[in-house]
Amino acid sequence: MSSDTLAHAPTAPETPGPAAVPRIVPQRRYGQWTAAVVVLVLLGLALASVVRNQAFQWDVVADYFTTGAVLRGLWLTLWLTAVVMVLGFALGALLAAFRLSANPVLRAVGSGYVWLFRSIPILVQLLLWFNIGALYPTVLGVRTVNLLSPVAVAVVGLTLHEAAYAAEVVRGGILSVDRGQVEAAQALGLGRLRRWWRIVLPQAMRSIVPPAGNMLIGTLKGTSIVSVIAVDDLLFSTQLIYHRTYQVIPLLMVATLWYAVVTGVLGIGQHYVEKHYARGTEQAR
Amino acid sequence: MTVMVDIRSVHKSFGPLDVLKGIDLQVRAGEVTVVLGPSGSGKSTLLRTINHLEKADRGEITVDGAPIGYRRAGDRLYELPEREVLRRRTKIGFVFQDFRLFPHLTVLDNVVEAPVAALKRSREEAEEDALRLLARVGLADRSRAYPGQLSGGQQQRVAIARALALKPRLLLFDEPTSALDPELVGEVLDVIRDLAARGTTMIVVTHEIAFAREVADTVVFMDDGRIVEQGPPDAVLGAPREERTRAFLAKVL
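Chains as they are written, first to last, in my numbering: chain B, 81 to 365; chain P, 257 to 509.
For the record, the hints were derived by calculation from the structure and aren't laboratory data.
What you are looking at is a predicted structure, and each value in this text was computed from that prediction instead of being measured.
By construction, the Cβ of each residue, glycine as well, lies at the ideal position given by its N, Cα and C atoms.
Hints should not be assumed to be uniformly reliable.
[Said to hold, decoys possible] Ranges between beta-carbon positions, derived for each pair: (1) B:Leu180 / P:Ala285: 38 to 44 Å; (2) B:Val163 / P:Leu375: 50 to 56 Å; (3) B:Pro290 / P:Tyr334: 43 to 49 Å.
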C-alpha cells in the first residue's frame, strides 16, 4: 500500500486525505557543506606547501629515516618510555594507596610527594640528579658519579616525576568505583587483596586507562628532554647527525615522523585496552 | 527451636545521631523474621550490625552462638582481625537493596566468586553449584550475561543466588524490592518465598506488608531506634497493641 502511495505522490492532490501520513523532509545543511569545503581547501594548500617546499628536503629525510643511529635512538626512547611508565605507575599506585589510607601519616607523605614532584620542573629535576655528586659525593663508599650514569639519571628523574601524576590518576580511578562494591565484596567474605585485584581495580581501570594513555604518549615525547643530559634517545641521535651535517630541518622531521608513528600505534592499542575494560557496561539496560 | 541470632541491648550512633537505642531480639533457626518500620527507624543499620558491616557501639550480637566481629573472653569482647571476621561472615548471606552485583563479571562469575575466593572451593564444583542456584532463581539461561544486560528483578535474583552460593546459615535482606519497578517486585518475592518454604533462616527488612503477613513467622516493628512491638504477623499486623504501630500501618496499608 505504501509503495502505491509513493508511486502516485507527484500527482497527488495538495491537501492529503485524513489517512495520509505526511512525509518528513530533512533540513538542507548548506553551512556544513561550505565549512567542509573551506577546511579541505585550506588543508590541501598547507599540505601542498609542505610537499613543495624544498627546504624540508624529503629525500634527506628518507635517507636517514632508518639509519642505525636513528633506530638505536628510537629503541632507547621506546624502552625508556616503557620502563618509566611501569615504574612510575607502580610507585604511583603505592602513593595512591598512601593517599587513600586511613593512616594520617601515610596520607600526608603521599600528598607531600605529589605536591613536591609536581612542583619541580622535570628539566630542573634531571639537572639536579645529573649533579647529585655535588650534594652526595659518595653513597655507601661508591662514587655517586659512577653510580648514576646519564641513562640511570633519566630513568630515576622521569620515574619520580611520572609517579606523582600516576598517583593522581590511580587515586581518581579508585574513587570512581562505587563504595558499595567493596562492601558487597566484604559481605561475601572476600579478603583485602582479592577485593582490590578482582573487584576494585578492574572497575577503576575504566577511568584509569584514558588518562594513562594520555600520559604514555606524553612520556614518549617527554623523554626527548633527556637529550639535555646527553642520553642518545631519538631526538639526541638526530641532533648528533645534524650537528655534523647541518641538515637541521630534515633530521627534526625524521624524529617528528617517528614520534607520530609510535603515537599512532599507541592510540590504536589504547582503543583496544579501553574496550577490554568496558566489558559489561556498553550494553543498554 | 534453637536461637540462631541473639541480639542483646545493641546501641549504635553515627556522630550525634543515635540510630539504635538498645535492641533486644532473638531469631530462631528456620524462621523468617520480617522487620518493618518507617525510614530512619534503624532497621537497615540493625541488619548491618548483624554481619558486622557496622560495628555496634554497645551490646552483643551472636550468630550460631558466636559473635561475628569479636572474641569473647569473660566480660570482654576483643575485636578480631579482618581475616577472621571475613571467615565468620561467610556463614551469613547479605542481599542489598541496590543489588551490588559486580558489573565487570558475568552472572556466573558473580555467583562463583565467593565460594572460590572465600571458601577455597574448586572452580568446577563452584560453577556446578552456581548453575543449580541460578536455575533455582529462574536464570539458568543468563549465566553468561553481564549484570547490565539484566532487568532489576533479574539482577536481584542473581544477587540472591550469589548470597546462597556461600551456603549460609542465615540470610539477611535489606529492602530487597525497594529499588525495583513495581511489576518486578513479584519475581523477587517469589524467590524469597521459596527460600522460606525450604526452612532458610532469614531476616527481611521490607516495606511489603502483604508479604510480611504471608511469609513471616515473626514481625518486628521498629521506630526511632527501638523495637516497638514484635510477634506473629496476625497479632502485630492484625491487632497491633501500640499506637505507633497502628499509625504506621494506617499510613502504608
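Using the C-beta atoms of Leu180 (chain B) and Ala285 (chain P), is the stated range 38 to 44 Å upheld? 41 Å, holds
If you check the beta carbons of Val163 (chain B) and Leu375 (chain P), does the distance land in 50 to 56 Å? 40 Å, violated
Could you check the hint for me, namely that Pro290 (chain B) and Tyr334 (chain P) are 43 to 49 Å apart, CB to CB? 46 Å, holds
Of the numbered hints listed earlier, the single one contradicted by the structure is hint 2.
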